[in-house]
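Colleague: Read off the chains here:
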Amino acid sequence: MKKILNDPFDYVDEMLDGLCAAHPETYAQPETRVIARAGGAKQGKVGIVTGGGSGHLPVFTGYVGPGLLDAAAIGDVFASPTVEQMAGAMRHAHGGAGVLRLYGNYGGDVMNFDMAGEMLEMEDIQSTTVLLADDVASAPPNEAEKRRGVAGMVYAFKCAGAKAEAMADLAEVTRVAQKTADACRSIGMALTPCTVPQAGKPTFQIGDDEMEMGMGIHGEPGIWRDKLKPADAIADEMMDRLLTDMPLAKGDRASVMVNSLGATPPEELYIMYRRVKRAIENAGAAIVMPLVGRYATSMEMTGVTITLCKLDDELETLLKAPASCAFWSV
Amino acid sequence: MKKILNDPFDYVDEMLDGLCAAHPETYAQPETRVIARAGGAKQGKVGIVTGGGSGHLPVFTGYVGPGLLDAAAIGDVFASPTVEQMAGAMRHAHGGAGVLRLYGNYGGDVMNFDMAGEMLEMEDIQSTTVLLADDVASAPPNEAEKRRGVAGMVYAFKCAGAKAEAMADLAEVTRVAQKTADACRSIGMALTPCTVPQAGKPTFQIGDDEMEMGMGIHGEPGIWRDKLKPADAIADEMMDRLLTDMPLAKGDRASVMVNSLGATPPEELYIMYRRVKRAIENAGAAIVMPLVGRYATSMEMTGVTITLCKLDDELETLLKAPASCAFWSV
Amino acid sequence: MGGLTSESLCRGLPRICAALEACADELNTADGALGDGDLGVTMQRGARGVQGMLDSLPADVGMALLACAQAFVKISGSTYGTLLATGLMSAAKTCKGRGVVPWAEMSSLVGGAVTAMQHRGKGALGDKTVLDALDAVRAATAGLEASEKILTAATTAVDQVMDDFRGKPSRQGRARMFGDKSIGLDDPGMLALKRMLYALKED
Amino acid sequence: MGGLTSESLCRGLPRICAALEACADELNTADGALGDGDLGVTMQRGARGVQGMLDSLPADVGMALLACAQAFVKISGSTYGTLLATGLMSAAKTCKGRGVVPWAEMSSLVGGAVTAMQHRGKGALGDKTVLDALDAVRAATAGLEASEKILTAATTAVDQVMDDFRGKPSRQGRARMFGDKSIGLDDPGMLALKRMLYALKED
Ligand SMILES: Nc1ncnc2c1ncn2[C@@H]1O[C@H](COP(=O)(O)OP(=O)(O)O)[C@@H](O)[C@H]1O
Ligand SMILES: Nc1ncnc2c1ncn2[C@@H]1O[C@H](COP(=O)(O)OP(=O)(O)O)[C@@H](O)[C@H]1O
Ligand SMILES: [Mg+2]
Ligand SMILES: [Mg+2]
Ligand SMILES: [Mg+2]
Ligand SMILES: [Mg+2]
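Protein chains in written order, with the numbering used here: chain A, 1 to 330; chain B, 1001 to 1330; chain C, 2001 to 2203; chain D, 3001 to 3203.
What the hints contain is simulated information worked out from the structure, not anything from laboratory work.
Check before you lean on any hint, since a few could be wrong.
[Said to hold, decoys possible] Straight-line Cα separation of at most 25 Å, DSS-like style, residue types lysine-lysine; simulated pairs:
| # | chain 1 | residue 1 | chain 2 | residue 2 |
| --- | --- | --- | --- | --- |
| 1 | A | 179 | A | 310 |
| 2 | B | 1179 | D | 3122 |
| 3 | B | 1201 | B | 1146 |
| 4 | A | 42 | A | 2 |
| 5 | D | 3149 | B | 1146 |
| 6 | B | 1320 | A | 2 |
| 7 | B | 1310 | A | 277 |
| 8 | B | 1310 | B | 1146 |
| 9 | B | 1310 | A | 2 |
| 10 | A | 45 | A | 250 |
| 11 | B | 1002 | A | 2 |
| 12 | A | 201 | A | 320 |
| 13 | A | 179 | A | 146 |
| 14 | D | 3181 | B | 1146 |
| 15 | B | 1277 | A | 227 |
| 16 | A | 227 | B | 1201 |
| 17 | A | 227 | A | 201 |
| 18 | A | 201 | A | 250 |
| 19 | B | 1002 | B | 1042 |
| 20 | A | 2 | B | 1229 |
| 21 | B | 1146 | D | 3168 |
| 22 | A | 146 | C | 2201 |
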């Protein structure tokens, strides 16, 4: 395992210590494995919490910050946080106006966040849930509720975060989060795996000249595996699948994210972006605030995800509203 | 070669096309392989140009932007730009107040930038040079002028950029750039190589369980190669070597950058940062604006560089002045 | 006759905990073949949590079961821990305020747990999970009143259900991703339940 | 006697360009062993640039040499191209305004180029670079007035200097990093010069 770490079992806790030490003005760790805004919950504001496994920075923890999230519960690498940690995150996010749970559609996370929600109900903290399920490769459209949440969650964090920062109530913040989640479609492809520190071995095996289309961010099997194709062919196929699932028409506006899973450098993302832009413009749609970089990763995995987020005036305004965290500022 | 690209010979040009297409408000390509600020040169402001091989994003091109650089000349991956391109970058950076050439100490780049400077002299554009030579592993202190420039250049871009943005004259901007360059020390270590697209094979070979201390950003040989050590031991050795070269004393202030060479994820950088912080604080010094992330890379190389930048009031103010580009904003 | 009391829990739980310590590797391996390989760790950590609160186990059977549930959600976010806690909490609610719960109620407690766990995990019977094993236990123990008979019926039922499902594919959790590759393998969650039940049975 | 003119350049340069096309792989391989393997590409591209301007080569020998220099800095940022251009520009300055430059001046033109290239590249004689070869050419051709004699002396000198340096380590450019591993290998830059000189010599 070629990673820079100490004891694999300390990976997450040391990472969180370092994160808070490097950015004390942004992040605080009020209890183990719970990261909240350094300033504490804003009174009267709806709190937004997320959570999930580690190994996806900036997702999940990184997006805690003004105009974004209020707290995150952090599990081991690729493992769900505990119910206790989720409940803790919710308590620290609560500013008296309730809490939105906004996270990816993974069985364990759903189970635990639901249970945490029930616990918080007993403490009279009102909460709602919006699940991110943007990965079109993970289930067909008629089973869209089974889809996994991937990089599209960043758009939901951003728009819901902006709405909450504008002091909207829980129902409104929840509506915006759901609307953004519904407007997002993602697809990924991977070239090489990553290694979960505690496991010590790669998450999957793949040939030296192979790629897998549709692979998930933990190495979940995709749609096909074949010889590595040229960047333009990869971009075309990914855009085809996204636009089949959510067509864009003349006059539509959309943001697009070309996201590295970790090891793929920005140089390659920009090569992809040229072609992605062409596909969107060919559909007659206009690109708003494209995001090219590392927004949702799988540590050192090589690969790319593309996310489309269809915008109306409301979402566009929220997407462009100021926000900041250690990994991203708008 | 597991990279997402089309024809390897188009790698750089397609990358630059995508970069400008994604960030048209920041970057423009007024001539091939020259990236300048989208708005053009600011009249009366000293222009700062840089240049060097591709494959290091955000270095070099990425740092063109307000409060940072004015233009960059871009070579093939790990190869010097041509004299023509450097001269072009200087012309586009020139706002009537002269141009500072601020770049890494690599033989080919120096030769070409010198020649470009002579050409520009004939066009009555005044220019100066400051070389970045921060890599302590590349030569002993008594041959410091032979050292390579690595991630420390980001501090020089930032401080000189802020000074130029404040409309200081060429001599002053040059002085600040040199002062910052003198205040920086870096060291790197690598775990795996990267692949130059046109070459198609890794830049070096290294065992599955080995690391190399002091390796350069193109795979230039380092100080020692040994079995991979724990993160804390790596951080300690790197800090030892930096602090031996540039001691910090009680009351000193310094910024520190823990930089990924590309594939190493931020999780591992934060694990390193904990320990780096301890070393600086043990010396009695205070950390100002730590930078943890990907600031100067070698595409998909795995590894880390640490840079110390010792600050006085002047440099601290300049470091904290507003600046923005697609990869970083202060 | 007798029934479930704080004391009987204090006798039975250490045996379950010891069994979970002993079979941790086995469960990790089974889960490793179809998932992330952490089931043994989850159960071991949960068992240690339970062990740590035996001294202060409340006399109220409901509260005692609640304490067990909490031990499992504290230590891990893995599915099985949360589902087990969900089942225990369902039983805890039914038993709350009582010092003794007749053995005859066991089948219905298990049935209540299965319903709560189905709701929590959105899993269905037939998916080849611990739910199928628990439902078989519920059915096999219905109408029984003696603890020995209940245990014998329960262990027989679990063995039977594992035989029945071995040849079927997993349809839930991480194992679902393995599709037909899960055919021929035991569900790790059923195996964990089997180890716990046998721990109570053996003398 | 005669001397260097635009016409003699128009006769000699195509031969050099053809040789550089022919030895591109050889030079890439030699540079690959001690550097980034691009020397053949650099020379090939430069040669094509030179070839493309032969039709419009100025009669002024200085301006003709300047045009050759520019062809090399346009196409590549690699060391050798820039150094070659530096040397050519130094000669161009000396020849500016003249229609014919006597062969007897060749040695001193080469000497001037070596000085300019040393300054540009901060390299010293003895570093095992093209500078050593050029300096040997300068010395061997001093006092010679006939072009054939000059060429024979130059090629003999390059062969000799390559023999002399083969057993020494490279001390400049990328090859320096290879340290003692460069012992036994020819410097690619010397090899490129050798190929260019032989191209002029062979009939
Ligand atoms: N949705 C579900 N409903 C019921 N049981 C489930 C469900 N998902 C998984 N299981 C059970 O949990 C076991 C795996 O538990 P565990 O290792 O904790 O899961 P993970 O590590 O994937 O969170 C499976 O063998 C199965 O019996
Ligand atoms: N500083 C220097 N001074 C003189 N000659 C040099 C210098 N550096 C390299 N050379 C010559 O240039 C040759 C390599 O040229 P080239 O392949 O263009 O270099 P690079 O690709 O590293 O920029 C060497 O074989 C050597 O002869
Ligand atoms: Mg598991
Ligand atoms: Mg698990
Ligand atoms: Mg070369
Ligand atoms: Mg080169």
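Colleague: Give a verdict on every hint.
Modeller: Evaluated hints:
Straight-line distance between C-alpha atoms of residue 179 (chain A) and residue 310 (chain A) comes to about 10 Å, which keeps the hinted pair within the 25 Å bound. Between the alpha carbons of residue 1179 (chain B) and residue 3122 (chain D) the distance comes to roughly 24 Å, so the proposed pair stays at or under 25 Å and holds. The straight-line distance between the Cα atoms of residue 1201 (chain B) and residue 1146 (chain B) is roughly 28 Å, outside the 25 Å bound, and the hint therefore fails. Straight-line distance between C-alpha atoms of residue 42 (chain A) and residue 2 (chain A) comes to about 41 Å, which puts the hinted pair past the 25 Å bound.
A hinted pair counts as satisfied when its Cα atoms are at most 25 Å apart, and residue 3149 (chain D) with residue 1146 (chain B) does not qualify at roughly 41 Å. At most 25 Å may separate the alpha-carbon atoms for a hinted pair to count; residue 1320 (chain B) and residue 2 (chain A) exceed this at roughly 35 Å. For the proposed pair residue 1310 (chain B) and residue 277 (chain A), the alpha carbon gap of about 43 Å is over 25 Å, so the pair is violated. The hinted pair formed by residue 1310 (chain B) and residue 1146 (chain B) meets the criterion: a straight-line CA distance of about 21 Å does not exceed 25 Å.
Of the supplied pair hints, the one linking residue 1310 (chain B) and residue 2 (chain A) is violated, its CA atoms being roughly 32 Å apart against a limit of 25 Å. Note on residue 45 (chain A) and residue 250 (chain A): the hinted pairing is violated, with a Cα-Cα distance of about 38 Å set against a maximum of 25 Å. The straight-line distance between the Cα atoms of residue 1002 (chain B) and residue 2 (chain A) is roughly 18 Å, inside the 25 Å bound, and the hint therefore holds. Between residue 201 (chain A) and residue 320 (chain A) the alpha-carbon distance is near 41 Å, which puts this suggested pair outside the 25 Å criterion.
Under the criterion of a C-alpha separation no larger than 25 Å, the hint pairing residue 179 (chain A) with residue 146 (chain A) is consistent with the structure, at around 18 Å. At most 25 Å may separate the alpha-carbon atoms for a hinted pair to count; residue 3181 (chain D) and residue 1146 (chain B) meet this at roughly 21 Å. Simply put, residue 1277 (chain B) and residue 227 (chain A) have alpha-carbon atoms about 45 Å apart, too far for the 25 Å limit, and the pair is violated. Proximity of residue 227 (chain A) to residue 1201 (chain B) is assessed by CA-CA distance (about 18 Å); at most 25 Å being required, the pair is judged to hold.
At most 25 Å may separate the alpha-carbon atoms for a hinted pair to count; residue 227 (chain A) and residue 201 (chain A) meet this at roughly 23 Å. Of the supplied pair hints, the one linking residue 201 (chain A) and residue 250 (chain A) is violated, its CA atoms being roughly 47 Å apart against a limit of 25 Å. For the hint pairing residue 1002 (chain B) with residue 1042 (chain B), the CA-to-CA distance comes to about 41 Å; that exceeds 25 Å, so the pair is violated. The straight-line distance between the Cα atoms of residue 2 (chain A) and residue 1229 (chain B) is roughly 10 Å, inside the 25 Å bound, and the hint therefore holds.
Of the supplied pair hints, the one linking residue 1146 (chain B) and residue 3168 (chain D) holds, its CA atoms being roughly 21 Å apart against a limit of 25 Å. Taking the CA atoms of residue 146 (chain A) and residue 2201 (chain C), the gap is about 40 Å. The hint is violated against a cut of 25 Å.
Violated hints for the displayed structure, listed by number in ascending order: 3, 4, 5, 6, 7, 9, 10, 12, 15, 18, 19, 22.
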